[in-house]
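Note that numbering that gives the first Met the number 0 has the sequence shown beginning at 0, numbered continuously upward.
By construction, these hints were calculated from the structure, which means they are not laboratory data.
Don't be surprised by glycine CBs; every beta carbon is placed ideally from N, CA and C.
One thing to keep in mind: the hints can contain errors.
[To be verified] Label pairs and their calculated CB-CB ranges:
(1) L183 - K336: 28 to 34 Å
(2) T342 - N234: 21 to 27 Å
(3) K330 - V88: 56 to 62 Å
(4) K154 - A91: 38 to 44 Å
(5) A49 - V103: 29 to 35 Å
(6) H335 - E294: 51 to 57 Å
(7) H274 - D206: 23 to 29 Å
(8) L138 - D216: 32 to 38 Å
[Unchecked claim] Straight-line distance between alpha carbons at most 27 Å, and here's what the computed DSS-like set of lysine-lysine pairs gives:
(9) K307 - K217
(10) K153 - K315
(11) K156 - K344
(12) K154 - K217
(13) K315 - K344
(14) K153 - K273
(15) K315 - K330
(16) K315 - K273
(17) K154 - K218
(18) K315 - K217
(19) K146 - K218
(20) K217 - K153
(21) K344 - K330
(22) K154 - K330
(23) K218 - K307
(24) K146 - K217
(25) K156 - K218
(26) K336 - K307
(27) K217 - K156
(28) K307 - K344
(29) K307 - K330
(30) K336 - K315
(31) K217 - K336
(32) K218 - K344
(33) K156 - K146
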Amino acid sequence: MELFSAQKHKYLGDLLLYSFLGCISYFILVKFSNISLRLQEGIIQVQVFAAFLFLFNGVGMSIRYTTERLKARSSYRQKNRRWFAWSVVVAALCMLLINYGLMVTAKLMIGLPHPFRTQRGGLNMLLLVWLIEMVIIALSMSNHFYKDLAGLYKKAKDLEQANLQARYTALQKQLNPHFLFNSLNVLISEIEYNPANAVVFTRNLSDTYRYILLSQDKKLVPLEEELRFLDTYINLHRTRLGECINVQSSLPEDVLDERVPPLTLQLLVENVIKHNIISMGRPMTITLGTERQEEQDWLIISNPIRPKQGVTGTGKGLENLSVRYHLLCHKDVEIHKTGDSFTVKVPLIP
């Protein structure tokens, strides 16, 4: 309904424009084209005026309709200024022919000899009227052209944004099955070897997965919220590993309101647990800190390297996180690996 209304108003505006131009052209050409006052009375009649308005609007709307059809067939031409220039040239030729036809018709109606010949005064008036018409029509066509062009750019931007949103959503949803699969493997193991721990693990798993479900439609969450979830997630693994995994945080309060993609800390801590030996004899301490570089705050997650034998990572988790960051803020996740430590730096988004 809104589209129909917009189309109706668009063509109503064109009708009013060409009717106005028709009125102006009709009276100027008749009054100032070397036609005597006595003979002008035979030309200025309602029927003639109405016929001329109909002709003027018919040609004008034909130009508009043809332009719309060609744009629909070759929408990329809207961005091409050469295409716009050719449209103006065609309109100019049509308007010149209409004005010349009006002068010829007027001379035929009053029986002047040599109706196709134009004296100098009449030619000057013809060109002046045509020039005025073309200025107005060119402005109108420019308005339509740039409106359509702006519409195309907006549509392209909306499509790009929708594509980015679809990619981001797909990446985020990859985390849920991955996390659940790993957790169920742990739960099966606990049920087999330590049923009591399995009950506690299941409760923690329920709390953890509730957060995952609630955050899956969010692009960003406050860092403080992620830290609370990290505590729950660490408790989940302490049920299995014991008090041999700790998080040491030195985060200032002024960064807690900054944001990160959901499950960022969970993914990074899971990466630590998956690839490193953690036991009561060899506890793991994960450190959290911040760093500021060029007015950008970074969250730093670091841990000592104690590689498990036979565990090879695909790097998909970190790659997923890096792509999500790039889609959100065009910044990359930084990874630094030395002989005895592994550090990941992620941007904090205001």
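Hint-by-hint comparison with the structure:
no.: 1; hint: L183 - K336: 28 to 34 Å; verdict: holds, 30 Å
no.: 2; hint: T342 - N234: 21 to 27 Å; verdict: holds, 24 Å
no.: 3; hint: K330 - V88: 56 to 62 Å; verdict: violated, 49 Å
no.: 4; hint: K154 - A91: 38 to 44 Å; verdict: violated, 30 Å
no.: 5; hint: A49 - V103: 29 to 35 Å; verdict: violated, 19 Å
no.: 6; hint: H335 - E294: 51 to 57 Å; verdict: violated, 21 Å
no.: 7; hint: H274 - D206: 23 to 29 Å; verdict: holds, 25 Å
no.: 8; hint: L138 - D216: 32 to 38 Å; verdict: violated, 47 Å
no.: 9; hint: K307 - K217; verdict: violated, 34 Å
no.: 10; hint: K153 - K315; verdict: violated, 34 Å
no.: 11; hint: K156 - K344; verdict: violated, 31 Å
no.: 12; hint: K154 - K217; verdict: holds, 24 Å
no.: 13; hint: K315 - K344; verdict: holds, 17 Å
no.: 14; hint: K153 - K273; verdict: violated, 45 Å
no.: 15; hint: K315 - K330; verdict: holds, 18 Å
no.: 16; hint: K315 - K273; verdict: holds, 13 Å
no.: 17; hint: K154 - K218; verdict: holds, 23 Å
no.: 18; hint: K315 - K217; verdict: holds, 21 Å
no.: 19; hint: K146 - K218; verdict: violated, 33 Å
no.: 20; hint: K217 - K153; verdict: holds, 24 Å
no.: 21; hint: K344 - K330; verdict: holds, 11 Å
no.: 22; hint: K154 - K330; verdict: holds, 26 Å
no.: 23; hint: K218 - K307; verdict: violated, 33 Å
no.: 24; hint: K146 - K217; verdict: violated, 34 Å
no.: 25; hint: K156 - K218; verdict: holds, 19 Å
no.: 26; hint: K336 - K307; verdict: holds, 16 Å
no.: 27; hint: K217 - K156; verdict: holds, 21 Å
no.: 28; hint: K307 - K344; verdict: holds, 23 Å
no.: 29; hint: K307 - K330; verdict: violated, 31 Å
no.: 30; hint: K336 - K315; verdict: holds, 17 Å
no.: 31; hint: K217 - K336; verdict: violated, 31 Å
no.: 32; hint: K218 - K344; verdict: holds, 19 Å
no.: 33; hint: K156 - K146; verdict: holds, 15 Å
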